[in-house]
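**Student:** Residue-level listing of the chains:
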Amino acid sequence: MIRYLLRRLGHAIFLLFGVSLLLFFLMQLAPGDFFSTARLSGSISPASIHALRTEYGLDKPLPVRYLRWLNSVGHGDFGYSFAYNMPASALLLPRARNTLLLTVPCLLISWIIAVPLGVLAASRRGGWLDRFYSGGTSALLGMHDLLLALLALLLALRTGAFPTGGMMSLDAAGGLWANWKDVLWHMALPAIVLIVGSLAPILRHVRSTMLEVLDSHYIRAAEGHGVGRLTLLFRHALPAAANPLISLFGLSMALLIAGSMLVEVVMSWPGMGPMVLEAILARDMFLVVGAVLLSTIFLIAGNFIADILLYVFDPRIRINA
Amino acid sequence: MKPWRKLSLVTVLLVGIHLLALLAGFVAPYNYATQDRDHPYARPSRIHFVDCAGKFHLRPFIYETSLREGTLNNYIEDCSQLQPIEFFLRGEKYALAGLVPADLHLFGVPSPARIYLLGADGFGRDEFSRVLYGAQISLFAGLLAAVLALSMGLLVGGVAGAFGGWVDEAVMRTAEIFIAVPWFYLLLGVRAVLPLEMSPLSAFVLVVAVIGLLNWGSPARLVRGVILSGRERNFVQAARGFGAGRGYLLRRHLLPMSFSVALTQMALLVPRFILAEVMLSFLGLGIGEPFPSWGNMLADAQQFHVLTAYWWMLLPALAPVPVFVAYHALADRLQERLQSAN
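Order-wise, the sequence lines are chains A and B.
Numbering of the first sequence is given in my numbering, commencing with residue 1 and proceeding in unit increments.
Numbering of the second sequence is given in my numbering, commencing with residue 1001 and proceeding in unit increments.
Hints listed in this document are in silico derivations from the structure and should not be mistaken for laboratory results.
It is possible that part of the hints are untrue.
Pairs of lysine to any residue, SDA-like flavour, derived with a Cα cap of 25 Å [claimed, not checked]:
{"hint": "1", "chain 1": "A", "residue 1": "K181", "chain 2": "A", "residue 2": "H205"}
{"hint": "2", "chain 1": "B", "residue 1": "K1055", "chain 2": "B", "residue 2": "S1080"}
{"hint": "3", "chain 1": "A", "residue 1": "K60", "chain 2": "B", "residue 2": "L1194"}
{"hint": "4", "chain 1": "A", "residue 1": "K60", "chain 2": "B", "residue 2": "V1190"}
Computed from a predicted structure; not experimentally measured.
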């Protein structure tokens, strides 16, 4: 167990290191820095711009700057936002919390919906239910996040039954429970959009994985022995399909994080999405890169959790490790 | 034989969609940039067969509309201005498929009246025409980016699979790093270092290049897998035994083996990349005015008053739906064939 986890952890750290190198390299590609535009304005003297660059360490050689940035990331600062004049983390972390608040429940709910449906469709292979299922998932694949988000916005505007954006009502001053209810109410539409938007690939994957397992000899044997239908599906077949399913868990999370970026912008959910967009327009590179790095950390952490789940559910990995 | 028939149906659909985009100038009644300042946010034209007097016409027609006095968005049909819809009529000049100069349009009404099948935007530009011209940009941006990503994948994956050893190790580790970043965040990160303002043509090239070049990881991984297993096949071993070099093996045996996998992968990548372009342009980071893309046409619809008062501004969001469904269906059929071939 320890050795397996250490190996996966090592891999995760390698990935993080690689991504940080990639992103830092990317940052250097940017023409000029935050102070280049200040130079153009003419109201700030070149000497004071030079002084500012020295103060922020922008005149140091590349490797030194990389190490300083890495050090800042390691201390949880994620670099420095020039536009807001504060450590990027102070801006990033509350936004990241809101993004997680939205995406994690969506991830869980879409899996909770997808697994039983997929198992059911696979068990009725070729039947009307299965055909309906295939048709439905194909149609779902066409429903992209942008369409869904705009439709949800239209619904909120037309009916007035849902808030059109934000995370809390302005006049929210109730107790803890009332505040939570308020957040949940604001979450409803973006969450529905995200779940519907990310459901199709999971549904299809669950079905095809289950089909493969149901084709195998031991399932036939169990069926021949008169094992009940539900026991067969959920006790014997589903655990055997756990490995590819858990592998997809990481992928579905990647899709959800990417999709939530757009949904957050359209539905003005105060997550990382709107902030990244603003930072790009303001050329606030540390903030942009910090957000990309943070989203990568979420993804890698999710994959690490998937690895642990795999270890728990798949005996083959336990023996090989 | 059944998969074949399904494949051909999907192919017909896809070819049709792309032809429609290519021939946008002919199918669209107007140019994407032609404005009509008298009809901002005009409603989709009602197509009539029966006129105000209750008389039936065989040829469908529309009524010209004008703003109701004192309102900003309330159009009324003028019963005295009947405009028959004509087919194959001469109108605005355009270049067919960007090459052949022409002025024949599939349908339209005699100018100066204008027909708005999907309504008009705030400048009085015909949304139907803009969706068609936008398809040229959005569809081909996705297609070109997918070709780019796959060529990179074939090249890099081919080299990694054929050489093995530390080359393979290094290449695949790098691919993992690229895959580890959530793709839309990576796309935005790269977009952030590029200039915000640029000419539409360079914006198009840039969007295609960035989307294509960032997504080489997973195709490369797939191609490498095929090549690694292909190296163990008997006929490849035999060719090697006869003294075939690495380059020859790759060119003659290994890469052709991975083409079908690459093609299936492409059918999956194209819709994703179309969506990437749409999302970038929607956020104002992709292709800009006056050129229409399915993304930047929707940027207006984000404003609350536009969305509530002019619902037809939402219609361009439906344009990618059949494209995505068709491409995914194609990917399914190709996958089926791939599996039955093995």
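**Student:** Does each hint hold? Answer for all of them.
**Tutor:** The hints, checked one at a time:
no. : hint                : in the structure
1   : K181(A) - H205(A)   : violated, 34 Å
2   : K1055(B) - S1080(B) : holds, 14 Å
3   : K60(A) - L1194(B)   : holds, 23 Å
4   : K60(A) - V1190(B)   : holds, 23 Å
In this structure, the one hint that does not hold is number 1.
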